[in-house]
Each structure stands twice: as C-alpha cells, then as structure tokens.
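Asker: Each chain, letter by letter, is given below.
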Amino acid sequence: MAKPRIYKTEAVVVRQSPLGEADRIITMLSPEYGQIRAVAKGVRRLNSRLTGHLELLNHVEVSVAEGRSLDVVSEAQCLNGYPALRDDLDRVSAGMFLAELADGFAMPEGHGPPDAHGREVYELLVETLGRLEKGEPPERLLPFFQLRVLAFAGLAPELTLCVQCGRALEQRSHAYSAGAGGIACPDCVTSAPGPFLSVSVRAIKLLRYYQSRSLDEAVGLDVPPKVLEEVNRVLDAHLRHHLDREIRSGRFLKTLGRV
Amino acid sequence: MTQSGRSEVGPVSRLVDELHKLPGIGPKTAQRLAYYLIRMPADEARGLAEAIGAVKDRIGLCGQCFDITESDPCAICVDASRDRARICVVEEPLDVRALERTRSYHGLYHVLHGVISPINGVGPDDLKIRPLLERLKVDGVEEIVIATNPNVEGEATAMYLQRLLEALGTRITRPARGLPVGGDLEYADEVTLSRAMDGRQPF
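Chains as they are written, first to last, in our numbering: chain D, 1 to 259; chain Z, 1 to 203.
Careful: at least some of the hints might be erroneous.
As the list claims (entries may be wrong) - Below, in silico cross-link-like pairs of lysine-lysine (DSBU-like), each with a Cα-Cα straight-line distance of 35 Å or less:
#, chain 1, residue 1, chain 2, residue 2
1, Z, LYS137, D, LYS254
2, D, LYS3, D, LYS41
3, Z, LYS21, D, LYS41
4, D, LYS134, D, LYS205
5, D, LYS226, Z, LYS128
6, D, LYS8, Z, LYS28
7, D, LYS226, D, LYS205
8, Z, LYS128, Z, LYS21
9, D, LYS134, Z, LYS128
10, D, LYS41, Z, LYS137
11, D, LYS3, Z, LYS28
12, D, LYS254, Z, LYS128
13, D, LYS134, D, LYS41
14, Z, LYS137, Z, LYS56
15, D, LYS41, Z, LYS28
16, D, LYS134, D, LYS226
17, Z, LYS56, Z, LYS28
18, Z, LYS28, D, LYS254
19, D, LYS41, D, LYS8
20, D, LYS205, D, LYS41
21, D, LYS205, D, LYS254
22, Z, LYS56, Z, LYS128
23, Z, LYS21, Z, LYS56
As the list claims (entries may be wrong) - Stretches of chain Z that chain D covers, calculated by requiring three or more beta carbons in the stretch to come under 8 Å of a beta carbon on chain D:
#, segment
24, 114-122
25, 147-156
26, 183-193
The set of hints was computed from the structure by calculation and includes no laboratory data.
Beta carbons: idealized from backbone N, C-alpha and C, even for Gly.
Here chain D stands alone, though its shape is the one from the complex (with noise of 0.2 Å):
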C-alpha cells in the first residue's frame, strides 16, 4: 500500500537504537505498512512527550511523517503497554525474542511483494504478546509462533515426507537436515545437506501438531520438557539456516534458563 505524506496506523515497536543527542530511530512493524523505521524525536529526555508511548514491544497507534531519508513520528498512542509482561523477566525476554523473529522476517515498505504476509506476522504478534501477558506459558507460545512466521515466509520445516526423496515418513526417529529444511528417511540421509539433528517420533509430532492446529490448541497441550528441548534445538538450527544468523534473543532466553 502506497504511504500518504502523513500516515497513521497501529503497530508495534520492535527496535530502538540511540541517534544523536536525544533521538531514537524506531522500528515498528504495521498491518498496513509492513515494518516502518521512523525517528523519534527528544525521545530520550525524561520529559518528551513521546518517550513512555514508544517504548519496545509497545502496541501503539502513531502518526508518522515522511520525511527525506527516514520518517518521523509525529504523535504517538500508547494502546497497550502490557504491564504484566513487563514485570516479568521470562515474559519479558520472550516478548524481545518475538520481536526480534518477526523483525527480521518482515518486509520494509515497498521491498516485498505487495502483500508480503506482513499482516499476519503483525497479527500474529499482538496475539502472541496478548497471550503472554495474560500469562500463558512462554514455553509453548514461542515454538507454534515461529513455526507459524516460517510457514508465512514459504520456509515452513518438511515433516510428513522426505526432503530427498518424497516418500511419507515412517513412525519412528528420523535425521532432521537443516540444509534440505526438513526431515529426511534413513535411505536418503547421506545424500541430504547438513548440519543434521535427529529427532524423536515424538518432537516430530509436536512440530506437526503445532504447524497444523491454533493458538489456543497449542497452549492448551502439556508437553514433556524433554520432547519441547528436541523441538526447540530444530527451529533452532531451521531458523539459523535461513536467516544466516542466530537469533540473538534466544541466547538470553538459554542463558534465564540456567539463572
């Protein structure tokens, strides 16, 4: 959608990085507009009126200018500043990963086709970041979100055949190829591209499981925390290989884990 000189729309903070004095360069993703970046000035004095709306993982409503090379927000909502999470450093690191993963899948303005599934990620977002303010487990909300990002972007992981040879996989633990992005039978695994992980019967039915059914279905499943490690070390390496970097949030969350 072509941006008017002065546009207003709802989306979410995901990043923030320091620019001269007292400014930041925000970056939000929308529904209509893909992922902005837009300067907000004097934001870093306690005093600006801007500075509590703008917040990260913020849910606002802004109005943003166009400006020469970047925009500039020119008024900003606060809609919802999810208190709870906030106060809460599991919930809270959860929500900087969310962030992050949906950042780095979205389209800026005008770069992607015209409907590059911007939409859903952002939707997709404020649920998640809904859900995990209301207190739902961090646990089972972010393997179904980035299963759900991936499948947006056309990388969702292979799982019910083999990513060599087609044929439907069998019951049991398979080689899971980061390379081929998906699992791969045991005839074809010598000739598919690692780096490999194997993965038990059971990981694999949770990843199905969570790529096929809702929110609300994912949430509502107890899972062992040994079958959600196995699912989490393949998005892992699944999300690694196709944005060529680690997410860098996930690492915090590893290191929460052992605190």
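Guided by the hints, dock chain Z onto chain D, whose structure is given.
Answerer: Frame of chain D; chain Z shown alone:
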C-alpha cells in the same frame, strides 16, 4: 567523509576525517569545526589537543566500581564520609554524574557499562555483573539500589540482577517512577501514570 579530502590540504583533510568520527558530527559540521580550529589561537588549539591526550593517558576505570577515574580506586570509593552500606547500580558513568548532581545519595556506585539488550546481542557476561557479585561477597552491604534506566532493557537488567542477588538476602530497591518535573499529565503514558498513582506520597 574521505571524498572531502580531495579538495583539502593534507593535514586539514585528516582533521576533518577525525572530527567526522565523533558522534553527531556530519561531514559539513566536521568541515566547519576544522576551519574554526585553523583560525583559533594556537595555544587554545593546543590546549584542546592536550586535554584529549590527558583523558586518554590518565583516565581509566576504578577497579571497584568501574566508574571512570584518574586514580584507582576512585575518589568516591575512597571517600570515608560515604555510606559504604549502600551500592547504587547504574548503566553508565554519566548516570553517576547525574546522581551526584542531586546531592541526595551518599552511598557508593557500581557501573555496569551497558544494559542487557538481547535484541542487540548484549548478554549479562558483557557487563560488569560478576565483579558486582564479588564486591557483595566481601563488603557489609545492606542495600542495593538498582538505578538502571526505566525502559524495557533497563527493567530487564534490573530483574535479572534481582534474580541473581535475591539469594544474598540483601535489601534490593529501585528509584521511584512517576511524573517528571515540569511535565504534562495528559501526555503521560499509562504505565508511568499508573506507577505514579501507585507510589503517591502523603502531601
């Protein structure tokens, strides 16, 4: 801005390039500053050069609180009149200066040199957190004031520290949050406003 070098004389273009490296200095400002320096009296310009040299030669980090200092330990850490039972944890040396200006805090400091920022790949191991834990083992500290910035990353750092320090049984406090002096109620976001209402004081 190396292309400016082509039209300038050697030393001038070098000065422009060096000034351009400073934060907030664009190519035009760098050029303007360089030409101002050229016209400046020689002793003033040398004074500036010496001042820059002096901070690089003589300023280091305090081995205790990691504030920037000329002597190690720093003046605050050796000051016998300061309250040694209180340590205020801040993000940057500039935060120490800001708190010192208030003249209402008389304890010691600990500078983390950053904040946990998972999105930018800054984790707890990149900050001076381990030395803080070491410090708490020996000193008779009664209160730790976690004065990180009141934004998401500052809060996350504070909560992370709280989780680490809880086991020590030391009292952990945070500065109050509320309305800025000279601010406007109608422009306050709801988080600030609700925290301000929660923390209201008898009048």
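Asker: Each hint should be assessed against the structure and marked as holding or not.
Answerer: Checked hints:
1. Restraint check: the Cα-Cα separation between Z/LYS137 and D/LYS254 comes to about 26 Å, which is no more than 35 Å; the hinted pair holds.
2. At roughly 21 Å between alpha-carbon atoms, D/LYS3 and D/LYS41 fall within 35 Å of each other, so this suggested pair holds.
3. Of the supplied pair hints, the one linking Z/LYS21 and D/LYS41 holds, its CA atoms being roughly 22 Å apart against a limit of 35 Å.
4. Among the hinted pairs, D/LYS134 with D/LYS205 is consistent with the structure: their alpha-carbon atoms are about 27 Å apart, no more than 35 Å.
5. Between the alpha carbons of D/LYS226 and Z/LYS128 the distance comes to roughly 34 Å, so the proposed pair stays at or under 35 Å and holds.
6. Distance check on the hinted pair: D/LYS8 and Z/LYS28 sit about 34 Å apart at the alpha-carbon level, within 35 Å; holds.
7. Restraint check for D/LYS226 and D/LYS205: satisfied, since their Cα atoms lie roughly 14 Å apart, inside the 35 Å limit.
8. Of the pairs offered as hints, the one joining Z/LYS128 and Z/LYS21 holds, with about 27 Å between alpha carbons and a cut-off of 35 Å not exceeded.
9. This hinted pair checks out: D/LYS134 and Z/LYS128 have alpha carbons roughly 34 Å apart, not beyond 35 Å.
10. With a CA separation close to 43 Å, the supplied pair D/LYS41 and Z/LYS137 exceeds the 35 Å bound.
11. Between the alpha carbons of D/LYS3 and Z/LYS28 the distance comes to roughly 31 Å, so the proposed pair stays at or under 35 Å and holds.
12. Among the hinted pairs, D/LYS254 with Z/LYS128 is consistent with the structure: their alpha-carbon atoms are about 20 Å apart, no more than 35 Å.
13. Between D/LYS134 and D/LYS41, the direct Cα distance comes to roughly 32 Å. Compliance with the 35 Å bound is thereby established for this hinted pair.
14. Between Z/LYS137 and Z/LYS56 the alpha-carbon distance is near 32 Å, which keeps this suggested pair within the 35 Å criterion.
15. Restraint check for D/LYS41 and Z/LYS28: satisfied, since their Cα atoms lie roughly 21 Å apart, inside the 35 Å limit.
16. For the suggested pair D/LYS134 and D/LYS226, the alpha carbons sit about 25 Å apart, so the restraint of at most 35 Å is met.
17. A threshold of 35 Å between alpha carbons decides the hint, and for Z/LYS56 with Z/LYS28 the separation of about 27 Å falls inside it, so the pair holds.
18. Taking the CA atoms of Z/LYS28 and D/LYS254, the gap is near 46 Å; set against the 35 Å cutoff, the hint is violated.
19. For the proposed pair D/LYS41 and D/LYS8, the alpha carbon gap of about 17 Å is at most 35 Å, so the pair holds.
20. Taking the CA atoms of D/LYS205 and D/LYS41, the gap is near 49 Å; set against the 35 Å cutoff, the hint is violated.
21. For the suggested pair D/LYS205 and D/LYS254, the alpha carbons sit about 24 Å apart, so the restraint of at most 35 Å is met.
22. Restraint check for Z/LYS56 and Z/LYS128: the C-alpha separation of about 21 Å stays at or below 35 Å, so the hint holds.
23. Simply put, Z/LYS21 and Z/LYS56 have alpha-carbon atoms about 16 Å apart, close enough for the 35 Å limit, and the pair holds.
24. With 5 residues having a Cβ less than 8 Å from any Cβ of chain D, the segment 114-122 of chain Z passes the three-residue criterion, so the hint holds.
25. Counting residues of the segment 147-156 of chain Z whose beta-carbon sits less than 8 Å from any beta-carbon of chain D gives 5, enough to reach three: the coverage restraint holds.
26. A count of 8 residues in the segment 183-193 of chain Z with a Cβ less than 8 Å from any Cβ of chain D is obtained; the coverage claim is therefore met, three being the minimum.
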